[in-house]
Amino acid sequence: MIEEIRNQARQLLENGEVDVVIGYAEGSDPSRTTPIFVRKAEDVEKLIYDSRCINSLPIYLNKRHEYTRKGWKKSAIIGKGCDIRAIVQLIAENQLKRDEVYILGVPCEGVVSHPDKWDGSLHDGNRASKCTGCDVMTPHETDFFPGEKPEVDRSKPYEVTSPKVANLMELELDKRFAFWRTDFDRCFKCYACREVCPHCSCNVCITDETTPSWIDPAAHKKGIFSWHLTRAMHLVGRCTGCGECTRACPMDIQVDLFNQRMKEVVQESYSYKPGYSLEDKHPLITYKVDDREDFIK
Amino acid sequence: MAKIGVFVCQCGNNIARTVDTAEVAKYCSEQDGVVHVEDYKFMCSAPGQEMFKKAIKEKGLDACIVSACSPKMHEATFRNAAEAAGLNPFKVEIANIREQCSWVHDDKEVGTVKSKDLTKMMIERIKFNKPLERYVMPLTKRALIVGGGIAGIQAALDLAQAGVDVHIVEREPSLGGNMARLSETFPTLDCSQCIMTPRMVEVQNHPLITVHAYAELEQLSGFIGNFRARIRQKAKFVIDDLCTGCGECWEKCPFSTESEFEMGLVKRPIIYIPFPQAVPTVPVIDKTECPKILKDKCGLCADVCGPDCIDFTQQDEIKEIDFGAIIVATGFQLMPNVYREYGGWRPPHMTPKKLTAKMRKALPRSDAGRLVDVINGLEFERLASASGPTGGQIRRPSDGKIPEIVVFIACVGSRDCNKGVEYCSKICCMYTAKHTMLYQHAVHHGKSYVFYMDIRAGGKGYEEFINRAQDEGAQYVRGRVSRLTKKGDRILVKGADTLTGQAVDVEADMVVLATAMVPQGDSEQVAQTLGIGYDKHGFFSEQHPKLMPVESSTGGIFLAGACQSVKDIPETVSQASATAAKVLALFSKDEMMRDPEVAIVDQEKCMNCWDCVTVCPYLAIERVELKDRNGNFRKWAAYVNPGLCQGCGICNTACRSKSIELMGYTNEQVYAQITAFGGDII
Chain D
1 MIEEIRNQAR QLLENGEVDV VIGYAEGSDP SRTTPIFVRK AEDVEKLIYD SRCINSLPIY
61 LNKRHEYTRK GWKKSAIIGK GCDIRAIVQL IAENQLKRDE VYILGVPCEG VVSHPDKWDG
121 SLHDGNRASK CTGCDVMTPH ETDFFPGEKP EVDRSKPYEV TSPKVANLME LELDKRFAFW
181 RTDFDRCFKC YACREVCPHC SCNVCITDET TPSWIDPAAH KKGIFSWHLT RAMHLVGRCT
241 GCGECTRACP MDIQVDLFNQ RMKEVVQESY SYKPGYSLED KHPLITYKVD DREDFIK
Chain S
1 MAKIGVFVCQ CGNNIARTVD TAEVAKYCSE QDGVVHVEDY KFMCSAPGQE MFKKAIKEKG
61 LDACIVSACS PKMHEATFRN AAEAAGLNPF KVEIANIREQ CSWVHDDKEV GTVKSKDLTK
121 MMIERIKFNK PLERYVMPLT KRALIVGGGI AGIQAALDLA QAGVDVHIVE REPSLGGNMA
181 RLSETFPTLD CSQCIMTPRM VEVQNHPLIT VHAYAELEQL SGFIGNFRAR IRQKAKFVID
241 DLCTGCGECW EKCPFSTESE FEMGLVKRPI IYIPFPQAVP TVPVIDKTEC PKILKDKCGL
301 CADVCGPDCI DFTQQDEIKE IDFGAIIVAT GFQLMPNVYR EYGGWRPPHM TPKKLTAKMR
361 KALPRSDAGR LVDVINGLEF ERLASASGPT GGQIRRPSDG KIPEIVVFIA CVGSRDCNKG
421 VEYCSKICCM YTAKHTMLYQ HAVHHGKSYV FYMDIRAGGK GYEEFINRAQ DEGAQYVRGR
481 VSRLTKKGDR ILVKGADTLT GQAVDVEADM VVLATAMVPQ GDSEQVAQTL GIGYDKHGFF
541 SEQHPKLMPV ESSTGGIFLA GACQSVKDIP ETVSQASATA AKVLALFSKD EMMRDPEVAI
601 VDQEKCMNCW DCVTVCPYLA IERVELKDRN GNFRKWAAYV NPGLCQGCGI CNTACRSKSI
661 ELMGYTNEQV YAQITAFGGD II
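Residue numbers (our numbering), protein chains in the order written: chain D, 1 to 297; chain S, 1 to 682.
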């Protein structure tokens, strides 16, 4: 499979169709992989793909990271289904043009939840929770796909309820709040969750605003809660669930539990799944006559 | 340091009952930046406003808070007063301590504390208020009237007589609307056409009125004072300027179809004017029926036409015209299908949702399944009209016999929650009484019965008119009709007299239904084209049911006549004149002032996700390219057109990067307001 991808990548680079191929390469130790920017055709041999490739690469397509300023007009990117959903969402939000990206889709069997859990194979013990019920293991939007692309029915609701969210939702409200109070105690506002998110695309993040400072910059409870709740609200209907925020968190705070819960609410309320359509606008900014109104009392 | 004045109003006892206003004033005087406080019985009264102005001048106040009623009530009052005293009006804010405080609390202690908080929040907020200047917008002094019935005609004449350029768009080939169909009008029994046609001619001859007959409003963009309408002039296949209205063509046309104007009672030629007094007297060719247009056969009209004005190649024409104000006068129709849908007629409230085969069999059939001698009010008007298909003799549609017994049924479809509309159609009692009179006058030996629920005759001379109808022979039976069946060549009306408690059966030669008035079938589409509100029936919504009854929900668009609610002619005409007065008030200035409380975009911060463009209900946000000093493309950004922006703030909430500020409600103001309230969240 990877040979076909490499060949295609080589051709694209040789023909000058793309300026860079963004993919994965072997990392610093056998359990890890690292993102790689391949700009010369001879380097395509470095490209790999397997279940260790957890990084979400579309972050490099986000305008905020200014890779476009390097003069790269068109990038090819190796995408597993969930990453391609992020790319599609970027296009739908006008942060990327479809013709600025060449998507090399890969068939995916799921990825490990964390490199530390890698023991040479992927099994139920170390599979990332987002891979359960995934309907884009065969990616939906690709320019190149190794081999035949089977038809997949993606009309069904996307599975979002992870056991962790379910457990949390079962708790009483004050217990749930207590959980976050303890968990957020560790947060020191490094904003890794923001930096790694493919959908955070503002030039000036609301947390960096000073007139006024909507979000208190200090890492006390008020500052931490207002940051995480705002982050969750800003991603409602847009988060494609890559889980990078939790993975990037140096303090192991499960910040994506908010996003997962929000995804669930959006799906239940508006039957909307982000990252499947290049045109659809997310439900918080659109109105349909059959939208639920039972929350208006 | 700010110099803020706080004016606490007692509103008589409205506020003072549950708020200790003196205490609030004292508390405010202790706040930073407050240099002047007042506690007064009626701030909105003339002495109150004088006090307000005097304080601004004498103390040199640079911002004022009025703690009083809702800003909806008196914000404008105090902003104007401040302007008169030389203070920027947008440096005045209202703290609502009446609707949001005194009226909703019983406990004076609670009310006082809350009033202090509300006022303190405004004090902190107003420190960030910037003086704003109103936008000056151009104004196009031309009015568009949609609909050329009596409402449209009246409004057009009133406006034109005041010197305003008026355009009327009428979708039928002639002006006139429903009123042109009426034979005589209640309560004076004067001939409708006689009072209407002079008005129509006046409209046509007035140099300031342009009539777009056989045209439709396709699109409306822009905003109050600056609308742009796209009008589709449907192809008439007749050249307006050449046609003399001689009538050769429509007399010679060998084909015919049902006449819409005559309610389908007779046929009309394919090239036609709807009625003899039509204005303009230019015929149109019905392109859905004309064999020349459909299959290139015939063309007789072109052969007989003297001035050679028939052009079969004519296409629809699009005209784009700018307007400053719009009057909507699209009128009404009678509730369609009250009898046509079912076999024999049963009143809607008696009709089961689905007819079983057995029931269908039991219902008598004639003329494609309906009793042709059951007609609605407008059909009766045509029968009674001197210019109608029978020349004013009342003859029933089936065999042309003069009916000896006529039954009139009131409230057909109206006041009927189940099958019809809930509202009272208001004019039916009166027009039914008129119909009985017209009938009695035409057929002296005839007998007329009216089945009614209640008589509603509120209006000048209306009750007298009903009495006169009864004196002249109409027999009023209080009760409803359960069903109509065919009996020989007559119709058996099975009804009840609820005053005597007896069943009443009448064998009638003809039955006339007082069918409910409903809005035009496409009124919802029209409302969407115009961007105005409408209710569940399709009537257009007024801004305020009592105090703004002719304004629509959109600025610069006014409502006249039966498109807004059921109305008779006098009411329609008064409302039409009222809209004309509103338009004249709007056009009385050369430029329009727009509130500066609109959204503006920080274009450098804008990350062009276009969420604001998606959410804006007024289409006020555009995508613009930003260029560098050499004219090279730099980035995309949103731009809010201040003329279109209504200051609703939806874009402001949708913007994740907080690149949009709503002037007068900036982030800093709102933040200051919230933090002044304090309260630790965690």
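Hints are supplied without guarantee of correctness; some may be wrong.
[Stated by the list, open to error] In the DSSO-like style, the derived pairs of lysine-lysine whose C-alpha atoms are separated by at most 30 angstroms in a straight line are:
1. S/K108 with D/K297
2. D/K297 with S/K536
3. D/K73 with S/K41
4. D/K221 with S/K127
5. S/K536 with D/K222
6. S/K108 with D/K70
7. S/K627 with D/K189
8. D/K189 with S/K72
9. D/K297 with S/K72
[What the hints assert, rightly or not] One-sided and incomplete, this derived list gives chain S residues near chain D with beta-carbon spacing under 10 angstroms:
10. K108
11. E109
12. C609
13. D611
14. T614
15. G649
16. N652
17. K658
[Claimed, not checked] Residues from chain S that keep clear of chain D, each with C-beta distances beyond 10 angstroms, as calculated:
18. D190
19. E248
20. N418
21. C606
22. A654
23. R656
No lab work stands behind these hints: they were computed from the structure. Backbone N, C-alpha and C fix where the C-beta goes; we use that ideal spot for every residue, glycine too.
Review point. For S/A654, is the shortest beta carbon distance to chain D beyond 10 angstroms?
Key: Violated, because the least Cβ-Cβ distance between S/A654 and chain D comes to about 5 angstroms, which does not exceed 10 angstroms.
Exercise for review: Given the hint that D/K189 pairs with S/K72, test it: the Cα-Cα distance must not exceed 30 angstroms.
Suggested key: The given pair, whose Cα atoms are some 43 angstroms apart, is violated under the 30 angstroms limit.
Practice item. Have a go at the S/C609 hint: is there a Cβ in chain D nearer than 10 angstroms to its own Cβ? Key: It holds, given that the least Cβ distance between S/C609 and chain D is near 5 angstroms, below 10 angstroms.
Review point. Under the criterion that the straight-line Cα-Cα distance not exceed 30 angstroms, is the pair S/K108, D/K297 satisfied?
Key: holds, 29 angstroms
Practice item. Using 10 angstroms as the Cβ threshold, decide whether S/K108 counts as touching chain D. Key: violated, 30 angstroms
Point to revise | Restraint status (C-alpha distance of S/K108 to D/K70 at most 30 angstroms) | key: With a Cα-Cα distance of about 67 angstroms, the restraint between S/K108 and D/K70 is violated, given a limit of 30 angstroms.
Review point. Does D/K297 pair with S/K536 here, judged by a C-alpha cut-off of 30 angstroms?
Key: Given pair D/K297, S/K536 holds - Cα atoms ~20 angstroms apart, limit 30 angstroms.
Review point. Within 30 angstroms, alpha carbon to alpha carbon, are S/K627 and D/K189?
Key: violated, 36 angstroms
**Study point:** S/D611 as chain D interface residue, shortest Cβ-Cβ below 10 angstroms
**Key:** Hint on S/D611: holds, closest Cβ of chain D at ~5 angstroms, below 10 angstroms.
Point to revise | Least C-beta distance from S/R656 to chain D larger than 10 angstroms | key: About 5 angstroms separates S/R656 from the closest Cβ of chain D, which leaves it inside 10 angstroms; violated.
Practice item. Would you settle whether the hint for S/T614 is holds or violated, based on the nearest Cβ-Cβ distance to chain D being less than 10 angstroms? Key: holds, 5 angstroms
Point to revise | Agreement of hint S/G649 with chain D interface, Cβ distance less than 10 angstroms | key: violated, 14 angstroms
In this structure, the hints that do not hold are numbers 3, 5, 6, 7, 8, 10, 11, 15, 16, 21, 22, 23, in rising order.
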